[in-house]
Amino acid sequence: MTPDQGDDDRETGLGDIQDPVAALDAIAAEISVAREMLARGDAVNLHSMEVRVTRFCAQLASLPPGSGQAIRSRMLGLIDALNVLEREMRQVFDETAREMGGFSARQRATAAYGRTGNR
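No gaps in the numbering here: position 86 of the sequence shown is 86 in this note's numbering, and each next residue is one more.
Don't take every hint at face value.
Between beta-carbon pairs, the in silico distance windows are [as the list claims (entries may be wrong)]: (1) Leu60 to Glu99: 36 to 44 Å; (2) Leu63 to Ala28: 17 to 25 Å; (3) Met37 to Pro64: 13 to 21 Å; (4) Gly41 to Gln18: 36 to 44 Å; (5) Gly66 to Glu99: 50 to 58 Å; (6) Ala58 to Met89: 18 to 26 Å; (7) Gly68 to Arg98: 41 to 49 Å.
Just so you know, these hints were derived from the structure itself, not from any lab.
Glycine is no exception: its CB is placed at the ideal position from the N, C-alpha and C atoms.
Produce the entire structure from the sequences given, and follow the hints as far as they go.
Following this line, the structure appears as structure tokens:
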């Protein structure tokens, strides 16, 4: 399972959250895969994960009364895992921006020295 899979919910059971624990575990597994991909330097597409989380949240109201307590700790863990993923993605973005900024500065310096030599 990868974060950039299609929106087919049959594998994760998120089309119908009769088993919210399994649904949350599937989302947590996607987050882990996304973190591994990011650590390897691979591109990460979070669209399908976003769709699954949105569907899960929309269906929470259909859970039987009182069942929320059973998944509370998993949901809190999922929030923590998403926060870690966000932090890691921001780090990669910041590092990439710094590298590209340095590249642009080198290009500007090369262009400037090239113009001086041509005068």
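* **17 to 25 Å as the expected CB spacing between Ala28 and Leu63, which holds or is violated** => Given range 17 to 25 Å: holds, Cβ gap about 18 Å.
* Per the hint of 36 to 44 Å, is the separation of the Cβ atoms of Leu60 and Glu99 within bounds? -> 41 Å, holds
* **Distance restraint evaluation - Met37, Pro64, Cβ atoms, bounds 13 to 21 Å** => At roughly 36 Å between Cβ atoms, Pro64 and Met37 fall outside 13 to 21 Å, so the hint is violated.
* Does the Cβ distance between Ala58 and Met89 fall inside 18 to 26 Å? -> 24 Å Cβ-Cβ, so the 18 to 26 Å window holds.
* Could you see if the CB distance from Gly68 to Arg98 stays within 41 to 49 Å? => Cβ of Gly68 to Cβ of Arg98: about 43 Å, so the range 41 to 49 Å holds.
* Asked: Gly41 and Gln18, beta-carbon distance inside 36 to 44 Å?
  -> At roughly 38 Å between Cβ atoms, Gln18 and Gly41 fall inside 36 to 44 Å, so the hint holds.
* To do: Mind checking the hinted window 50 to 58 Å against the Cβ distance between Gly66 and Glu99?
  => 51 Å, holds
Comparing the model with each numbered hint stated earlier shows that hint 3 is the single one that does not hold.
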